[in-house]
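Once you have looked at the hints, place chain V on chain G.
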Amino acid sequence: MAYKLSVANEATKKTLISQCRRISSYFQPSESEYESKPVYPPILDLSYEAVRERKVETVAKKITELETVEEKLLELNAPKYYGWWACNLKERFVSYDALPFTQFATRTCLTNELPSIYNDVDEIATKSIPVVKEKLNDLLLQEFEFVEQRTNRKGETKTLATEEDRFARNFIPLLNRMLVTVLSPMNNELGLTDIDIKPRLEAFWFLGGIEPDKLLRKCRENNKLNQKLKVDEPIDRPIQYYGSPCLNLRHSKPLPQLLDRNSGLSTEGTIPSWNLDPRVMGYKYKHCRATNVPGFWPGTEAQHGYLSYLTRGYLKQRDDQLTTSDHQEALHVQAILHSFAWTLSQACYLGFGPYTELTYPISTQTIITNGQYYSFSAYQLNTCALYGKHSGPTNPHRNVCFSTNEMKLFDVIESGQVKGFNDDVLKSLIKFYLIKPTEPQVNLRPYLSPELYISNVSDTARRQKVETDFKYLYSNRPRHKLKEEIYHWEKIYKIDHKTRPMEKKVRFFEIGGKAPGMRRLDEFVPPYVPKALQNPPKKSRRGRLPVQPSIKL
Amino acid sequence: MSTRLYPAFKNGDSKLRVFLPDFWMKLVKPSHNLLPNQVQFVVSPQMTKLDVKQYLEKIYNVPVIHVNTFNKMGKTKTVPNHYVTKEPDEKIAFVTLHKDHKFVFPDLFAKADDELTEQSKSMKASKEQYALKTKLNISKQGVPTWFSH
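For the record, the sequence lines run as chains G and V.
So the first sequence is numbered by our numbering: it starts at 23 and just counts up by one.
So the second sequence is numbered by our numbering: it starts at 223 and just counts up by one.
Chain G on its own, in the form it takes in the complex (with noise of 0.2 Å):
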């Protein structure tokens, strides 16, 4: 960047440049190159925090700047080979007051009634009632009563939870596809909607606010060289949810909008605050990779969230004492995960992700069920970049989770009769079928180039080596060479108490250099290019070139 001289007057600029000509015969500015007004390079910060601050933004920053959806989703795995040490999520397993956690960990806020956009169709669910009682009466009568359900296959476990998961996962494609056929006249948007049938459901988040472990409070007190690190500061923990939905609905076109993205509970809701590791929760860490998969691939037309059914089988293998108090708040909890997991990876499909802050909200729709209790909740993604301080009070956002508390359909099925129907149950059923997805009105992938996916990039070395390596990335394979590990023993005999001085040091951690886990994804030895194609193609000892191919490439 050129550096434009102020000068007070043309007398002044003579000198300077004749005398910057007896200087150096080679610097001859231009006079043009001086400008009446000085312009100089912006001021940093140069604190210790504003600096590690930079550091964060500009990884967020590369991220943010890349410009088709695979090549943000590899790069957020580019600083580890082996994998991201996560906090590991799972669906089925919801430990005890598991509640505050989850929404500190999701920063959203919990309501218990569904939001005013179901009222709109109140009516037209109201007249619809009828004639999905009696369809629903039937399907309720011929799974529950009539058919024999599929067994377990050979070899499996049998319990109550799997039991129940598997009379759910036979009833509910059943219950949709009814509802779908009966609706459709009144929602004509349905019959466009996709349904994937247990999908992969995958998010990838960062977590900022964590206190730090034993460990790490440990390498910052006997660190001399850098005694402005605070033992205590927070850090950032990843986490990575692993979810399997019973079914999803998926449209081309967005949810609307369930409230408004800068007022109201999203920016007023209450959060539980949180700082320990997740771990006193009973939740493990993994080396994994970090994946964000909404159940589809990039690409797919259908790539909106509409619909999505959950099983909760999972709630009869938790402990008796759980049970009785922490039943509802365990079917909060999974509605909260879910339906966040879902929003973030569909977010990440647009361009967004755990490092770039959406620029409009992303909504959906989830219902718990297990044919008899069925939960409804609806879900507004408000915000996704939760790193560093943004998942505190400096963000001026909240994601909104609307939750019903379970509630029964029917009583209970006595000789070839429902009884007990409970209509509400229904209407609030019919009424998630009648929202209709409407053409977006902002822009929905700001942050991506007009080429979107990998697949229409023209240049082909990169989006061959992207595919490839995305591809790969997200198949959750281990590596064939495994990380490199130390023995016991060589704790104890070599690095905790040094009893072998003498020995060879041949091991990698003998030898110096990086630790295994820091290796980046692009540190390998790459693959070998033959010498013909190598660019430019190496000669041979003669100065001969090697032979040309008969077709220009």
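Derived by calculation from the structure, the hints in this document are not laboratory data.
Certain hints may be false.
Calculated Cβ distances over 12 Å to all of chain G for the following chain V residues [said to hold, decoys possible]:
#: 1; residue: V264
#: 2; residue: P267
#: 3; residue: T270
#: 4; residue: I281
#: 5; residue: E340
#: 6; residue: P366
Simulated restraints, written as ranges between beta carbons of each label pair [what the hints assert, rightly or not]:
#: 7; chain 1: V; residue 1: L330; chain 2: G; residue 2: A537; range: 35 to 41 Å
#: 8; chain 1: G; residue 1: N110; chain 2: V; residue 2: T300; range: 34 to 40 Å
#: 9; chain 1: G; residue 1: T521; chain 2: V; residue 2: L330; range: 25 to 31 Å
#: 10; chain 1: V; residue 1: S236; chain 2: G; residue 2: V253; range: 52 to 58 Å
#: 11; chain 1: V; residue 1: S236; chain 2: G; residue 2: H502; range: 36 to 42 Å
#: 12; chain 1: V; residue 1: F231; chain 2: G; residue 2: F168; range: 54 to 60 Å
#: 13; chain 1: V; residue 1: D244; chain 2: G; residue 2: N427; range: 45 to 51 Å
#: 14; chain 1: V; residue 1: K343; chain 2: G; residue 2: A537; range: 52 to 58 Å
#: 15; chain 1: V; residue 1: S342; chain 2: G; residue 2: A537; range: 44 to 50 Å
C-beta atoms are modelled at their ideal positions from N, C-alpha and C, and glycine is treated no differently.
Frame of chain G; chain V shown alone:
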């Protein structure tokens, strides 16, 4: 129930009652920040999660929601020019109580330094000096310092 061998339970058998179990549990200061309703114990390595739960519920009437256990290896120690030794292993149990049931490990030595008298302060200082001297000659631990070493 206890470290004694007892017959395996079969469906229909009567309950085996153990009156003086030789299991033990030791409440310790938490090694890291826990939830307010969590307590950390060091327990007998033969105890299972269910044993820990029943111990608290039946003997102390403390309702327990969940127990997590893990075996912690004892630290290895060495004296210079001597062989490596290991402290005994421990089993740590994290007990989760009901969320309204809070427990804070008491600060047992809060007013220690303030209440020391002049004499006890000088005693403490001389103890520390002795420890320093013996640390320097750790291979000759236990030998009185008036031996010239």
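The hints, checked one at a time:
1. V264: Correct as stated: the minimum Cβ-Cβ distance to chain G is 17 Å, above 12 Å.
2. P267: Check passes; 19 Å lies beyond 12 Å.
3. T270: At roughly 15 Å from the nearest Cβ of chain G, T270/V sits farther out than 12 Å, so the non-interface label holds.
4. I281: holds (18 Å)
5. E340: holds (33 Å)
6. P366: Per Cβ check, P366/V is outside 12 Å of chain G; nearest 28 Å; holds.
7. L330/V / A537/G: 35 to 41 Å: About 39 Å separates the Cβ atoms of L330/V and A537/G, which means 35 to 41 Å holds.
8. N110/G / T300/V: 34 to 40 Å: holds (37 Å)
9. T521/G / L330/V: 25 to 31 Å: violated (38 Å)
10. S236/V / V253/G: 52 to 58 Å: Taking Cβ atoms as reference, S236/V and V253/G lie about 56 Å apart, which means the hint holds.
11. S236/V / H502/G: 36 to 42 Å: Given a distance of about 56 Å, which is not inside 36 to 42 Å, the answer is violated.
12. F231/V / F168/G: 54 to 60 Å: violated (40 Å)
13. D244/V / N427/G: 45 to 51 Å: Given a distance of about 47 Å, which is inside 45 to 51 Å, the answer is holds.
14. K343/V / A537/G: 52 to 58 Å: violated (46 Å)
15. S342/V / A537/G: 44 to 50 Å: Roughly 48 Å apart at Cβ, these two residues keep to the hinted range, so it holds.
Going down the numbered hints, you'll see the structure goes against 9, 11, 12 and 14, while the others check out.
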